[in-house]
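A.B. asks: Chain residues, written in single-letter form:
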Amino acid sequence: MIVLKNARLRGFLRTALPFLIMPAIILVTALGWRAEHYALVSFVMVLLALLLFLSGFEKRELGTRRMILVSVMTALSVIGRLLPLLKPITALTVLSAMYLGSEAGFLVGALSAVLSNFIMGQGPWTPFQMFAWGIIGFLAGLLAKPMQRSRLLLYCYGAVSGLTYSLLLDVWTVVWTYGEFTLREYWAATLTALPYTVLYAVSNLLFLVIFAKPVGDKLHRIDVKYGL
Amino acid sequence: MRSFAEMNPAAVTVHLLLTACITIFCMEPVLLGISLCAAIAFYLMKNGTAHRSFHLFALGVPALFAVLNPLWNQHGSTVLFVINHRAYTAEALCYGGVTGIRLAAVLYWFRIFSEMTDSEKLFYLFRFLSPRIAMVLSMAIRNLTLYREQMKKIQQSQRALGLYREAHLIDDVRGGARVFSVLLTWALENGIITANSMSARGYGTGRRTSYVTFRWHLRDAVLLGISAILAAVSIRAVAAGAMHWEFYPVCDAPPHGLLWTAGIGAYLLLSLLPLIYEGKEMLTWKRLRSHI
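Chains G and Z, in that order, are what the protein sequence lines are. FYI, the numbering for the first sequence is 1 to 228, going by my numbering. FYI, the numbering for the second sequence is 229 to 520, going by my numbering.
The hints are simulated quantities; they were obtained by calculation from the structure and are not laboratory data. A portion of the hints provided could be inaccurate.
Stated by the list, open to error - Each computed EDC-like pair below joins lysine to aspartate or glutamate, with the alpha-carbon atoms no more than 16 Å apart:
id, chain 1, residue 1, chain 2, residue 2
1, G, 218, Z, 377
2, G, 225, Z, 417
3, Z, 380, Z, 400
4, Z, 349, Z, 448
5, Z, 349, Z, 234
6, Z, 508, Z, 234
All values derive from a computational prediction rather than experimental measurement.
With these hints in hand, go ahead and build the complete structure from the sequences.
C.D. replies: Here is the structure:
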């Protein structure tokens, strides 16, 4: 699925972002800016990373169907996020990535984050959530074949991605509250968030155990029947 | 002049993002205070006294953070008292308070942004970046309400068939799972039908024409220009270090020079812009009504 329309712009972003713009920002920061810009830099870096992913997607056959299915899965996971405590958003993102591909996984994760935050509350954390969920979806798409074969791998991926998501967002919490990243405060933040980290991992695992077969079968059926 | 919410969404978004971003990346209590007061005032003007729980959350959590910060933050030189052999310092309390004000202000600005941006405006904004993403987002928003309706229908028919009882916990969970499963099948098939009918109508074959609901007027350009100039002045002041406070070991304000005054003044105007627009509309309306 093609996301950015202009091919030349896409090509430019794909080479310039990782090899020029992002290293340049890191270098300038490292060479002595005050610590208070740390939050700004990390915010900008995450936005650039999102842009990089969006510019990496190429055109494919049957783009429209895949696109519509992305919007369907996004809406379903947003509905799921409104449940109390347990959120199936990661499970649905991983399953869509397994059967619809990496790009679709990235988009379902990232777009569910934006959309559900319109209900849960937008904030400067939105790009970080988009990035975290997007990456979880993207990696699941890369591991699609082995995960379709081995259920165990899928469950492990779900649990680990719950942990990673929480740890990634703790980095954000520390950078944003203290203006800089220190290991001591990071430990404090992870310890405070420990119940949530465990809850994320457990709920991911739980939803994958419940959803893996029915949702997987349905997505597979759509894939076979309509030939995505 | 029209009310703030009715201006072009792009101009409004740029204004709100600039206002919020300066708040996020600045640690100057005066500027943060201005930001918080302006945001609360605008929010109250739009919503009245509704949403009490949001006020409680947006003010309570930062206040809690301010009080708790000295407990795990040992910097600072003025010890107020000692708990568990750990010093509770005035500087850490001060730092926590300022961070709390910043957090509250940002929460209010983003809430204002969420309330003023509906799906149509979102579509308009994302078109600049990518029409495809805009399409997917806007369809997903429509699907949300569609699926809620469909879920209700499925639930009713399942209950009518006597397939689950709500009083029974395990039965209820299994029933819920079945409803979700039915919804998923229906949603996927429905999505494919939508995709087919879009392709049949020629979606994705050529340049897409679209109906633009929001036009650019002079007043939008004026709003954008004013916001850009005011934000540039305050960003210049922040970047030059005129707003840079030292909290540890002792609280130390920067000298209040010309740049500081200019930055604060510009930010004051910037954050009050929505209130000015909205207030002028309200006055006009009141005056027109009193003439009747």
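A.B. asks: Of the hints given before, which are not true for this structure?
C.D. replies: 1
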